[in-house]
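J.: Whole structure, please, built from the sequences with the hints as guidance.
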Amino acid sequence: MQSVLSLDDGQWSLPVKEPASVSPVSFEEEFSQLNIRQPNPPPVLAQVHPERRPISPSRVADPRPGLATCDTGRFQNLHVPVALMESFLRLAEANTAKNLETCGILAGNLKKRTFYVTTLIIPKQESTSDSCQATNEEEIFEVQDKGSLFTLGWIHTHPTQTCFLSSIDLHNHYSYQVMLPEAIAIVMAPTDTTRKHGIFHLTDPGGMGVIHDCQETGFHPHEEPLDGTSIYEHCSHVYMNPTVKFDMVDLRRV
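Numbering (the working numbering), first residue to last: 97 to 350.
Check the hints yourself; a few may be wrong.
Derived lysine to any residue pairs resembling SDA-like cross-links, with alpha carbons at most 20 Å apart [said to hold, decoys possible]:
#, residue 1, residue 2
1, Lys207, Pro177
2, Lys194, Lys242
3, Lys207, Ser183
4, Lys207, Asp343
5, Lys242, Ser183
6, Lys341, Ser183
Per label pair, the in silico range of CB-to-CB distance [stated by the list, open to error]:
#, residue 1, residue 2, range
7, Glu312, Lys208, 38 to 44 Å
8, Gly324, Thr231, 36 to 42 Å
9, Lys220, Arg170, 32 to 38 Å
10, Asp346, His308, 29 to 35 Å
11, Arg291, Ala179, 15 to 21 Å
12, Arg209, Asp323, 37 to 43 Å
13, Glu320, Arg291, 19 to 25 Å
14, Lys341, Met275, 24 to 30 Å
Hints in this document: simulated from the structure, not taken from any laboratory.
Everything numeric in this text was worked out from a predicted model, so none of it was measured.
Note that CB positions come from ideal geometry on N, CA and C, so glycine has one too.
T.: Following this line, the structure appears as structure tokens:
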């Protein structure tokens, strides 16, 4: 039995029972059954409207993430290599020291109806203390096309802020999750004394509906979903897997 660490409530637990074996199916059949649409968008964050004075993220009452909801069977499991987050944090050290965000793309494959993050792509990017935008997006697509990789989510740092998704992060993640319901957003917050990292996604339909209907840009507050849920929550379908290997592709050096 393979040991994995669950992130269903922000705490790791060990072990987790593997999903029951299923009859072999072709990649095309899995792709069709999951209704996955490709290609997925790169991590381009929403831009501050040029005619508006931006609001500091610290002045916006961003919602705290909700607890993970146990909705067995709704999402395919997604496995993340245990070493990936710390490796990304080390790679981002230079930017973090300058109070600049760093972002990356989580890419991987699908095996027996389980997603595995196998590649961390660091695109060329433009960063500030509270935003990060990928550039040269064609390079990202080239890496994914060569490896036949799905976009499974994204990861970014909050150099001096706490571990949460800002309004800009929520809009950015919507573009991932609308393409792949299992897509995740990992936040690394090295200066947060209570939580150094978090793995989140938008609630569905609550949070997805709020962001879909929101036309605001920059940092701004959101209405709470009408169904009483949080806009986003900790993921219950993600597992930290010590046996999954991953490659890191740093396009900033190309």
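J.: For the pair Gly324 and Thr231, does the Cβ-Cβ distance stay inside 36 to 42 Å?
T.: Distance hint for Gly324, Thr231 holds at roughly 40 Å.
J.: Is the Cα-Cα distance between Lys207 and Asp343 20 Å or less?
T.: 18 Å, holds
J.: Has the given pair, Lys207 with Ser183, been kept, meaning a C-alpha gap of at most 20 Å?
T.: 24 Å, violated
J.: Given the hint that Lys341 pairs with Ser183, does the C-alpha gap stay at or below 20 Å?
T.: 12 Å, holds
J.: Starting from the range 32 to 38 Å, see whether the pair Lys220 and Arg170 falls in it by beta-carbon distance.
T.: 36 Å, holds
J.: Indicate whether the distance between the beta carbons of Arg209 and Asp323 respects the range 37 to 43 Å.
T.: For Asp323 against Arg209, whose Cβ atoms are near 28 Å apart, the range 37 to 43 Å is violated.
J.: Lying within 15 to 21 Å: is that true of the beta-carbon distance Arg291 to Ala179?
T.: Holds, since Arg291 and Ala179 (Cβ atoms, about 19 Å apart) stay within the stated range.
J.: In this structure, is the beta-carbon distance linking Asp346 and His308 contained in 29 to 35 Å?
T.: Between Asp346 and His308, where Cβ atoms are some 33 Å apart, the hint holds.
J.: Given the hinted pair Lys194 and Lys242, is their alpha-carbon gap at most 20 Å?
T.: Between Lys194 and Lys242 the Cα gap is close to 34 Å, so the pair fails against 20 Å, i.e. violated.
J.: May I ask you to test the hint 19 to 25 Å on the CB atoms belonging to Glu320 and Arg291?
T.: 22 Å, holds
J.: Confirm or reject the claim that Glu312 and Lys208 have a C-beta distance inside 38 to 44 Å.
T.: 41 Å, holds
J.: Range hint 24 to 30 Å: satisfied by the CB atoms of Lys341 and Met275?
T.: 25 Å, holds
Checked against the numbered hints given earlier, the structure breaks hints 2, 3, 5 and 12 and satisfies all the rest.
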